[in-house]
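K.L.:
Given next are the chains, with one letter for each unit.
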Amino acid sequence: MLRFLIVRFGLIAITLLVVSVAIFAVTEVLPGDVAWHILGQGATAENLEAVREKLDLNRPAHIRYLGWVSNALRGDLGDSYLQNRPVIEIIKPRLFNSLVLAVFAFLVAVPTAVATGVWAGVRSNSVGDQVVSAISLAGISLPEFVTGVTLMVIFGSTLHWLPSSSIILPGTSPLTRPLILILPTLTLTGVLFAYIMRMTRANVIEVMQENYVRTAILKGLPMRQVIFRHVIPNAMLPTISVIAINVGWMFGGLIIVENVFAYPGLGRLLLVSIQSRDVPLLQALALLIAVTFSLSNLAADLSYGILNPRIRIS
Amino acid sequence: MNKQDTDIAQLIQVNRLAVTFYTPLGTIRAVRDASFEVRHGEVLGVVGESGCGKSTVAYAVMGYLPGINSVEGDIHFEGNDILNMSASELYRLRGDRVAMVYQDPGTSLNPSMRVGPQVKEVLRGNLGLDSEQAKNRTIELFDSVGLADPDGIGRSYPHQLSGGMQQRIVIAMALACDPDLLIMDEPTTGLDVTTEATILDLVVDLKKRVRAGILYVSHNLGVIARVADRVAVMYAGQIIEQASVHELFKNPQHPYTAGLLTCVPQPPSHDGTIDRLIGIPGTIYDAAKDNIDACLFSPRCPMAQERCRTEAPGISDTGNLRQSRCFFWNDVTPGIWGETETRYDIRQTTTPVLTAKGLRRFYGQWQRKYLFFGPRVKPPVRAVVDVNLEVRAGRTLGIVGESGSGKTTVARIITGLTERNRGELRLREEDLAPGVEDRSHEQKAALRMVFQNPTASLNPWLPISHPILRSLQKHANMSRKESREYAIELLQAVGLAPAYMERLPGELSGGEQQRVALASAFAGKADLIVADEAVSSLDVSIQAQVLELLDKHQREKGTSYIFISHDLGVVRYVSDDILVLYAGHVAESGPAKYVLNPPSHPYTEALLSAAPIPDPDATLDGIRLPGAVPTLRERFQGCFFTGRCPRKIGAICDNTPPTAHSGPDSSEHIIYCHIPVEELKAMQRK
Amino acid sequence: MANASINRITLSGLLRAGGAKIAELGHSLLYLFRLALRTPGGRIGLPIVMLYLLLAFIGPLLAPYPATDFHLDNQLESPSSQFWLGTDQFGRDILSRVMSGARSIIGISVAGAALGIALGTLVGMSSGYKGGKTDEVVMRIMDGLMSFPSLLMALLILTSLGASRVNIVLTIGIVFIAPVSRVMRSITLALKTQEFVQSARMRGENQVYIIFREILPNAIPVLIVEGSVRLSYAILLASSLGFLGLGVQPPSPDWGLMISESRRFIVLAPWVALAPSVAVASLVIGVNLLSDGIRQARRLPQGEKEL
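Chains as they are written, first to last, in my numbering: chain E, 53 to 366; chain V, 379 to 1064; chain H, 5 to 311.
Next up, chain E with everything else stripped away, as it sits in the complex (with noise of 0.2 Å):
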C-alpha cells in the first residue's frame, strides 16, 4: 500500500515536471511578444526593452524557467504578465466560479448516468434501451458549443425562462444568482452524462455475460438478485475509472462552456493567458489541471482496490 502510494505519487511528480517543461517550451516558441502585447500596437523599441528588462524576458529559458522551478517550490507561482498581479490570486475566484459549475454537472450526471447505464444495460437490445442509446450517442457527437447555443436560443432568447449569458460581475459569488448557473450546467451535464452512461451500459453488458452470472441465474436466484448483487457491484468497478477520466476532460468543456456563456471561471481565463502569452499565469493553471486529473485518477485507482478484493487481498 504505502508502496503503491511512493510509486504513485513519484508518477504524479514527474507528470508535472513533464508538463511545465512541456508549457515553458511551448510558450517560448510561441509568436508574438509579450512585451508587445502588454503595450500593444504604439510601443516604442525603449519601451519594449524596459518591459522585457522588468518581466526578466532577457535570461536565456531554462535559467529563468530553473528560477520559476525553485519559486513554484516554494509556492510563489510568479505574477501575471499582463495583470502585474500574483497569479495565484488572479486564479482563486475563478477557481471557485469554475468548481461550482463542475461540482454541480458532476453532482447531477454521475447518479443519473450510472442509474441509465444499470438500466439499459440489463435489457440490452430492448426498445427502451435503444432508445437511451440513441440519446447517449446524441451527447457525445454534440459538441458542447453546439449543445450550449442550442439551449441558449430555446431557453433564453424564445422562451425567456433563463438568462442567455452568465456574466457576473467580478467579486460576487455566482451562487447569489443561481439561475445562471442552469444552462452551462445543463451543457456540460450533457456530454458528461452521455460518456459515463455509455460506458456503464458497456460494463454491465459485459459481466452479463460473465460465466458468475450464468452460475447465479443456475442457482435459481430471481432477476433482481442476480442483478444487484451479482452484476452491478462487478460492473461499478470499471465505471470508476470512467469517471475519473472525466474529471479531467471537464476542463475541455470548461473552455467552451465559458466562453459560449461569458462565465467568469478557468476556462476563460486560460483562453485569454494562451491568447495573450501570459507565461506565469498558464503555466499555474496547467499544473493545476495536471494535479486535479492525477489525483482523481489516483482517487480512482484507490477505490478501484478497495473495493475489488482481488486488489484488496494480495
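The reader is advised that the hints may include incorrect statements.
Claimed, not checked - Covered stretches of chain V, as calculated for chain E (at least 3 residues, CB under 8 Å):
1) 464–476
2) 481–491
3) 498–504
None of these hints come from the bench; they were simulated from the model. For each residue, glycine too, the CB sits at the ideal point set by N, CA and C.
Position chains V and H against the provided structure of chain E, taking the given hints into account.
P.N.:
Relative to the frame of chain E, chains V and H by itself:
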C-alpha cells in the same frame, strides 16, 4: 425402450432433442438428435469431442439456452417439459431440483463476493432458511465436499482459493438444496491431474451419498470410465451409442466409439510394451452443415458402405439395454481400425544433441517496502531452479509436470524465447546464447518449436504457406521458387493437399492448423524440435494423427524431440526418456521404463496414480496429494515436494534439499529424494 | 549469405509492403463496412457519412451561390425560396456556406485523424514491442500528455504554430499521438506474446519485419475502429477550435466559426446558428453510429475469425 425400466426411478427423459442456434453469420446445429434418460442414483456419462453438442445438451436440461435458437423434442423432468416452462417454473427448478457444476470454477464464482455468502444465498433463496441456519448448512456442505476449515474458507474470496478448492465450492453450491439431478459439465477440465483425481474421488463418493442422478459431461474417456455407470457417446450433435460403461469400453458397437478407444494411450502392459495409437482420419462433421441423408460419420468410417452414404441411420436398440446408431453395429470390432502393433522400441543412441546444466530463471526482482529502501518484501518467482537435462540423437525426451512446474519455461529457455538467468546450454557441443535473437542462423535452423495452441501459432492474416516458405528461405537457403515446390512436398507429408497453400488459417480446423505448424517445424532439417503441449488442445482423434506424424518424421529423419505435456499418458506414449518437474525443480529423470515402470519418486508415483485410465476395470492406487502446488516465491528450505509428499520420512525432508542419486536399475536414472533407493524400490513394488 | 538479402530493407520492398498494406486496409475496410451494414448503427451511419463525403468532394459545385459572395441587400434574411436556409450578417447564403464548409472540416479532420493514427501507431507499436525501459519512458510521457484535456493541448500547440489549415491538421495529429499509441501499444503487447510472433522470432525474422508484417495486419481491425473514433473526435476538436476563433480564419466557411459569429445575432436571426449546428451534429452522429456499427460487427461470432 423397455417400459418397466422407465417407470422405476426415471428422473429425466430427453426425447429427440435438437438445438439449432441462429447467429448473424450462420446456423449452428449444435444438437441434431439426442435421446437419453437419467435415473435416480445413477451417473450417465456423456462423452464426445469438441463441437459434438455435449455441453449444449447439459444446458438444455437446465432450460438455459441463450441466443436466438430453435429447440425440437422435449425434456421431461418428472413428467413436465422443461422446454415449455415459464420463467417462474424454471426459477423454482434451478438450484433446488436441478443443479449444475461448471467447467472452469475460477470464472464461475463471483469474484467480488466471499464464497460463503454465494452458497448461503442459494439456501436462503430456494429453501427459505434464515441467516443462521444457512450459515450452519453452508459449513456442513463445505465439510461434506472435503474442505478443511469450512468457516475460514467461507470468508475467502474466490481468487484466494486454488482451482480444486474453487471447484469444491461450486459442488457444495450445487448440492446445497439436495437436488434430484446434478449436471456436471467438464468439472475437472483445466485442473491439474492430481487435483482432478481428488475431485473425481469426491464425485465417486457423492454417487454413494446422494440420491441424485448425475449427468456427467466430459471429453475425457479416462474420466468417464472412472465415474459413469452408463455412457452416451456423441458425435456431430447426435448420440451415436449408449451402453453401460463396462460394455462400452469392452465391446463398442459403433465404429466411432471403437475408434476413440484406439486413439487414447493405454498404460503399458507388464512387459513394458505399448500399443501403437491409431488415429481417426478426417475431421468432425461441422455443426454449420445441414442434416443429410447419410451417416454423419461415414466419411471417416472404415466400415462405411453404400447404404451409409445414402440413408441416415436412426438410433436402434441392440439388446441388453444398449443402443447404436450404426447399420452394421454387429460387425464392429476393435480390429476395424487396423491391427494393434507394439510401439515400444528404445533407440539406443548416446550422442547428446542438447545438454543443459543448471538452468535457472526467476521472474521479477525483489521488491522493497519503500520502493528503493526498506526491507525486501516480495521475492521474485522462482520458475525454474537448476534444471539439468540431456536430449540424445533421435530420441524423445518427455517433460511432464503440473501447472507451475516450470515445464513451459524450460521449453522457452531452450528455444531462447525466454532468456535464462543462469546455466549452460549446448547444442551439438556449441554454446547457445540465452536469447534467440543472438543465436546463429545454423542454431536457429537446428532448433525449432511447435506450440500448444495451433490457432495462435499461425498468423491469421497470412496464408498458411507463409511460415513454411519463410522457414525454408531462411533455414534451407532456398529461393522463392524452390521453397514453393518444397513447401508443397512438406504439406503433403503432413497430409494436406497442395491446394491448402494459399488458404488462411481461419479456414482450417485445429488439427489441420497443427499439421501446418509441424510442416514449418520440419522445414529446414531441425536437429531438435521442442513440442510444448503440442497436442493438448486437440481432440483425441486428431491428437493421435499428430502424434503419428511426429513419430513418422522422427523415424525417417532421426530428429530429436523434447515433448512437453501435462498428460502423462501421452508423454509416456511418445518418450524414450522422461524428466519429471515439480515446482521448478527436477524430481526425477531417466529412461522412460525406469522412471515410470514402476515409479520411484513419490511425486512420479502420485502423478501416475492420479492419471485417469480409459478402462473402467483398472485398479486404482489411490495415492492422492493434499493441497496445491506451492507458491514459487518462497525458497525451499528442504525438499521442494515436502509440503505434499505422502511418503515424507521426517525432519530431513523439511530441512535439507535432496541430492541426486541414481535409481535402482540404471545409472542414467536420477532421483532427487531423501528416501534410499532400495526403500523406494521396495515401497513401489508392493 | 542469402539470409542477409532477405533481411535487408530495400526501397522496392518497402513500397511493395506498403502497397500490400494499403490493399489489406482497403480490403478489411470494405469487409467491415459490409458487416457494419448489418447493424442498425451502420445502416444509418454509413449513408450519413457517405453524404458528407460527397459534399466534401462536390459540395462547392452543388451550392447555389459561392460561399463568400455578399448579398448586401439580403443581410440576416430568414429562410426563403431564394436563400433556403437564410443569410448571415453579410448576406451570404447559409446553405452554400454549410455545403462548402463540409470540405474544409472533413478534409482537416480526416487528415488530422489519419496523421494521429499513423504517428500513434508507430509510437505505440514500437514501444510496445520493444518493451522494457524504453517502453516505460515512452508511456510515462504519453501519460503526461494524456493528463491534459485535448482541447487545451490543441490550443497551446495551435497558438504556437499559428492558425492555418496545415497547422490544424498537425495539431490534431499531435494531440492524438498519446491516446492512439496507448491503444496500439496494448494490442501490440497482447499480440507479441502470441505464438505466431514467437515462431517468427524463432525463424530469425528481424523486429521491423515482425512489427509490420506479422503484428500490424492483426491490428488493422482495431485500427479501423480507433480511426472512426478518432475521426469523430477530430471533427469535434476542429470545430471547437473554429468556434474559439483559432481554427480556419474568416471569410472561409467554417461551421464552428459560423456558430461563433452567429451568437451576436442570435436573438434576431437564430437560423444563422441553426444550419451549421445541425451540420456538425449530424456529421458526428453519423461517424459515431458508423463506428458503433463497426465495433458491433466485429463482435459478431465468426466475424472475428475471418479477420
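K.L.:
Hints first: check each against the structure and report whether it holds.
P.N.:
Here is what the structure says about each hint:
no.: 1; hint: 464–476; result: holds (count 6)
no.: 2; hint: 481–491; result: holds (count 8)
no.: 3; hint: 498–504; result: holds (count 4)
In the structure shown, no violation is registered for any of the earlier numbered hints.
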